[in-house]
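Chemist: What follows is the residue order along each chain.
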Amino acid sequence: MAVAPGAEARAGRFPGPSLIPKLIAIQREHGWLPREELVALSRDMRRPLYEIEGLISFYPHFRTDPPPRVELHVCHDLSCWLQGTEERIAAIRARYGDDAEIELREVSCLGRCDLAPALAVDERPGRMADLDALLAGTPAETEARRPEEPWPNDPYAEGDERYRVLRRALAGDLQRDAVIAVLNDAELRGMGGAGFPTGKKWELVAQQQATPKYAICNADESEPGTFKDRQILAEQPHLVLEGLLLGMWVTGAEEGWIFIRHEYGPEEAVLRSELDGLRAVGLVGPGRELEIFTSPGGYILGEESALIECMEGHRGEPRNKPPFPGVYGLWGRPTLMNSVETLADVPVILDRGADWWKAQGVNGATGLKFFAVSGHVERPGVYCVPMGTTARELLERAGGMAGGAELQAFQPGGASSNFLGPEDLDVALDFKPVAERGSMLGSGALVAVAEGTDLLAAATNVLRFFRNESCGKCVPCRVGSHKAHAMLTEAIGADSGVQPIEEELTQLEATLRMTSICGLGQVALGPVASVLGLQRGGTAARPQPRSQP
Amino acid sequence: VAISLEAPTETRTVNLTIDGVEVEVTEGTTIWTAAKAAGIEIPVLCHDERYDPVGVCRVCAVDVGGRVYAAACVRPCEDGMEVKTATDDLERHRATLTALLLADQPPPERDPKETTTADNELLVLARRYNVKRENGLPVGQGRGVDYSNPVIAVDHDACILCDRCVRACDDIQGNDVIGRSGKGYTTRIAFDLNDPMGDSSCVTCGECVAACPTGALTNKPIRDVPIRPRSQLRQVDSVCPYCGVGCALTYHVDDERHAISFAEGRPQPGSKSRLCVKGRYGWDYAASPQRLAVPLIRREESYPKGPLSGDVRGEGRGRRKPGGLVDYDEVLPHFREATWEEALDLVASRLKGIHAEHGSGAIAGFGSAKCSNEEAYLFQKLIRAGFGTNNVDHCTRLCHASSVAALFEGVGSGAVSTTYGDIINADVAILAGTNTTANHPVASSFFKQARRRGTTLIVVDPRRERIADHADIYCQIKPGTDVAFYNGVLHEIIARDLVDHEFVATRATNYEALVELLQQYPPERAAQICGVDADTIREVARLWGEAGAAVVYWGMGISQHTTGTDNARCLIALCTITGNVGKQGTGLHPLRGQNNVQGASDAGLIPMFYPDYQKVDSSTVWTRFEEAWGRELDHERGLTVTEIIGSVLHGGVRGMYMMGENPFLSDPNINKVRKALAALDFLVVQDIFLTETAEFADVVLPATSYLEKEGTYTNTDRRVQIGRKVLEAPGQAREDWRVVCEIANRIGLPMDYESPREVFDEMVGLMQNYAGLNYDNLGPMGKLYPNPDPEGSDGTVVLFGESFGTEDGKAHLVPAEWMPARELPNDDYPFVLNTGRLLEHWHTGSMTRRSFALDAIQPEAHVFLNPGDAADMGIAEGDFARITSRRGSIELRAKLSHRDTPGTCFIPFHFREAAANVLTIDEIDPFGKIPEFKFCSVRVERAGPPEPGGNGAEPR
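Going down the list, the protein sequences come from chains A and B. Taking the working numbering, the leading residue of the first sequence gets 1, the next gets one more, and so forth. Taking the working numbering, the leading residue of the second sequence gets 550, the next gets one more, and so forth.
There's no promise every hint is true.
Mimicking SDA-like on lysine to any residue, the simulated pairs with C-alpha atoms at most 25 Å apart in a straight line are [to be verified]: (1) B:Lys-1027 with A:Lys-22; (2) A:Lys-321 with B:Glu-1351; (3) A:Lys-321 with B:Thr-566; (4) B:Lys-1221 with B:Gly-1437; (5) A:Lys-22 with B:Glu-640; (6) A:Lys-321 with B:Val-563; (7) B:Lys-633 with A:Leu-104; (8) A:Lys-321 with B:Gly-1437; (9) A:Lys-321 with B:Glu-640; (10) B:Lys-633 with A:Ala-491; (11) A:Lys-200 with B:Gly-629; (12) A:Lys-321 with B:Glu-631; (13) B:Lys-585 with A:Pro-5; (14) A:Lys-321 with B:Thr-560; (15) B:Lys-681 with A:Ala-491.
Okay, the calculated beta carbon distance ranges per label pair [as the list claims (entries may be wrong)]: (16) B:Asp-638 with A:Pro-15: 45 to 55 Å; (17) A:Val-281 with B:Glu-1051: 58 to 68 Å; (18) B:Ala-1405 with A:Arg-46: 27 to 37 Å; (19) A:Arg-35 with B:Arg-676: 37 to 47 Å; (20) B:Arg-677 with A:Gly-497: 49 to 59 Å; (21) B:Ser-851 with A:Arg-35: 27 to 37 Å; (22) A:Glu-29 with B:His-1447: 19 to 29 Å; (23) B:Glu-571 with A:Ala-210: 24 to 34 Å; (24) A:Pro-197 with B:Glu-627: 43 to 53 Å; (25) A:Glu-36 with B:His-1199: 52 to 62 Å; (26) A:Glu-29 with B:Arg-677: 45 to 55 Å; (27) A:Arg-168 with B:Ala-587: 52 to 62 Å; (28) A:Glu-406 with B:Glu-627: 33 to 43 Å.
Chain B residues, not near chain A, derived (Cβ > 12 Å throughout) [as the list claims (entries may be wrong)]: (29) Lys-585; (30) Thr-647; (31) Val-715; (32) Arg-783; (33) His-807; (34) Pro-856; (35) Glu-890; (36) Glu-1051; (37) Gln-1069; (38) Thr-1169; (39) Gly-1358; (40) Arg-1431.
No lab work stands behind these hints: they were computed from the structure. We treat Cβ as the ideally placed atom computed from N, Cα and C, and that holds for glycine.
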């Protein structure tokens, strides 16, 4: 296989089919991974033991000891932390801590920030209030708040035949070039965080000569405060799949995948049933295969190259780039990867045209945008608003601050976005204006923090998330996030303020931002630095992001 | 060029500036490499040119004008790029990264690297950036150490997760043991399933130690000789004394302690700085207190001769003798010390006496493939010119004699037609009957690497050896059915017309006879015999026949059969009819076992040839040698190793000189060998230790070890290299070549040489293939022979490009009919016994079992049994099993192994306390005279549970 320039050494990535499905099968059979099974797997598959160790120690889904009767996972990340998860965890610990049959684990964001503090019993999600019911085996009501009106990005009215655009494409009524042109005209950008122009991405993959090609829907949003894709998957699976199938058609990919985080079990079930329907009517089948890949766990897999590594059966460690997945993706082949929301926007754009889409935006922005709103707000949930809506307006849509509290700060784009202050509330929520304010639109998750909250502790909570979710591949992120967190924890514990460590933290933030391999490390210390900036009296003190190449 | 990846085929160039310097490089070149070429050094930790880049330490981050910095080691150059490598900001980040790593390191005064070789690359950066360990960052909590490997220390604190060891283990050695375990800050390097290194599948090649930039993986001192900075030690560039791969290495010598501190691989075109556990850690045998240092003469009261130790007399169970070497306390009192004069005079007079009384045929000599070319040459000259007999042989008889017989007949040369490294140019390679990861570990690393670069690897072996795990196709033939398998493949090649007809027409003879015989071997019939299904046989034939270049490497699984010559004939036919000889990536390569088995044979240490394979029974040849040596010579072929033992029992051979051979353990049916040795009128044994054979000696002469003398050694590739003196010999021990000269002078054959160099020159004068070589032009890397331009060229890689070495220049095809092994299993002896070696041990163990590392890793003999068979017999891992053949019985621990098929078992032959050759059959191949070590029938029974508290009982 030809290797693209810049492709790094395999360094522990063993060639051959992925062992992850086999490990999942062993765990399904035994409830855990007994050593002798692993040794036999290594022998039968002629794959090194270290490869198996690398996987089972990396992915939280795998366990090497027999499971307890109940696995109780409680989220401790920002949105839940703001709702007092620490006290709740302490209470649960006091109540069940001695129960050997219940294994309580604090986990990273479950993507249920609207239920905060959220938990999951044997992977069945719910609120704290649902704990007893869940322990008793009763499923909880987990659906997020639904809007009164239909989602504005859905071109299909109640009773319409769906997949209209796809059918037109398959019937030859659409031209690939024209589709790319419409997407370019609509100025649709990636909604997963990076904001790369979608039309350009599709065009790049379509132009690649190498085959086969792949298309992947990245449904692995896992950043604290982020759960908009969950809502889209639950309510608009037809748009996601249609967008993905259109992407495959345009780029020539014969194999498509939806990579979904394993915490989204209920949503995955919806998706599967939609997929079954597509198979039944022949929209998915030979030559146009679509499968679901359930993540074995970890926020890092939302990074596109880490996601590909995982699908190939490796540790989910991001690759050095270039080469980018569009050129050198899954199995080294051109791979189109878009997020759930991006794909879900495609059908309406192609159905109603670029102009319609552009007209949806306000304040100079184009299109629509889904936001997950959580934290200290009255009605946490998912909102689809015109791109360019101000943070203040969005906050109002969510009922304003809970209990009428004053806003102290907010993250406009998920845990990786820098905190902004109340003076920034009128920023138009669009890529450029938010970036100009020193933050980013990110994963479309607004987390509001009320006055009276220890903002440094909140930022340290965010840092802990990144530290815990760091894959450990590169030095700055692996060691830097750990050291910075340790320093902050000590400073908070000693109530000594950040003054003595501010210089080190600032240098660490810069080093992580400039030298880490992937976005996780690059942003890990950003929120902390932004809080330091806020405490110095404004965002201007924060380092400005360098312009895109 | 990337190690694990294909070489880029494009040659477009790109132009960019690095720190303002305009550079033009091939597309795909990394910034780091381009900068280096432009004289700009960018600091690195994870990167090393030996490995493909990973870009994880980020120390080499450079500014290419992007949103973030790029890792120079992995980022390719692009047209128009303006790279800055050393801005203040970059240097600040490098200092920060260094500080981050340093915070978790052990303090320098306790750092395992800084306190030994003192070349910790992180500390170099720390000094450069003036970063201290107490730098304001919280210090790490300690990640633990792992001292479970006898010679490698693991300190996880010192690990910076640069992944160099991972790449070294995978991409260089192909051992696939080390990976990352855990995630994020808790990530550590791990062995297998995060097992202690010493319990893992690690083969202790030490490549990871050579790769590690910090103190995470370091060598432990051996025999308490401290490891010190290289500048405080003396470097001796030499060659590994173990197998035929002949890896180049450097010994770092502590002159204060007169001892080796540590060894490292050295670049050489073949071995490319790689070593295995024996080469890197197995050199301390020379420092054993059991070294012979004074000549010994058997005491009067210890006659009549017979075995001196209870072990050899066959009393008691092996398990009572852990350690298993000759018990000096038991044997040594039967000898008295003598002066060299007395001992040499006695040897000369006794051998002369026997010669005078019984004639030339009563004398025989066994030389050694462990001695140098010069010593082999002088030894055979002594026997031939001094005693007028060709009864001179060595252990080549026991390894590749049949291969050599077939090769001489088929292609007119016993040497390999291409190198082990040439596999990289092959589309398809067959590895036949070779446990190459154990017996030629470094060669196997090239095989594994080639496979990862696209060579299709086909492994044919009844035992599923480690290399089979790397095969694209593994053919598990039944023992002793090689001819049937290859005939099936050949049949299919002909049936599919994948034959290179032009090659056959112009460069081979006897093709028609081959075709005729092969008609009887359609794949279905072959499958019936060999147990590999017909479709697989067809697939092998298709792959081989369609390959642009195909090569075969084989080992003792081919040669050590009564059909060994036929087995090799099949391989010759396979290469010949498809035109796979004489060009890059093709050919025939019997992997040589001993470090100098090629050279000893080249130098004439075989009964049918003078040096350079000149036939002893050819008048032109004997005339030439009679002129050169000034003596009348024997014009008949001499007896081989196995024939000499037989001859002794019939009163033929009566006096023997053994230089460095220990036939008591290495020869088949050793009960018979024991009788023969006891029956000799006179036996002189020259060795570095008291061997099992020495128990039967009249005189024992103390020799120098490999490390204490100079000489040339010829490896499996035909590479002639100089082994240099590293240490002084103990006591009165003398170099083998000097001892040979002393005896020669005493029997009236003058030998007056100043040095091995002089011997080499005389020898080369008689050897066309070595023409032009001398000690000066061999240089540090050695040279391949033949070499028309030794001053300018490394030598000839591929032989037979134009014609073969046969008299008519053509390859002679010899059809081979399949014949079953001599001793098939029956109800009384239902198992097939296979014998061979372990990675850690060498032949009769006299060196390796005295090496701390090798003995610590493999202290004990085992019989390897299929787990199903073992369960049927009620034998558990570590239990004692009794193995009985028609010739004898041994008891040893059982090891359950999926590598052995039901109905077979495997015993390594290194261990005297459970000597496999008690069991083996002394039936020989009619052409090569090689014994059938790979096949005899045995009975397996449970002999008892593991001893309580016994060592080695725990499954590893």
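Chemist: Which earlier hints can't be squared with this structure?
Modeler: Structure breaks hints 1, 2, 5, 7, 8, 10, 16, 20, 21, 24, 28, 30 and 31.
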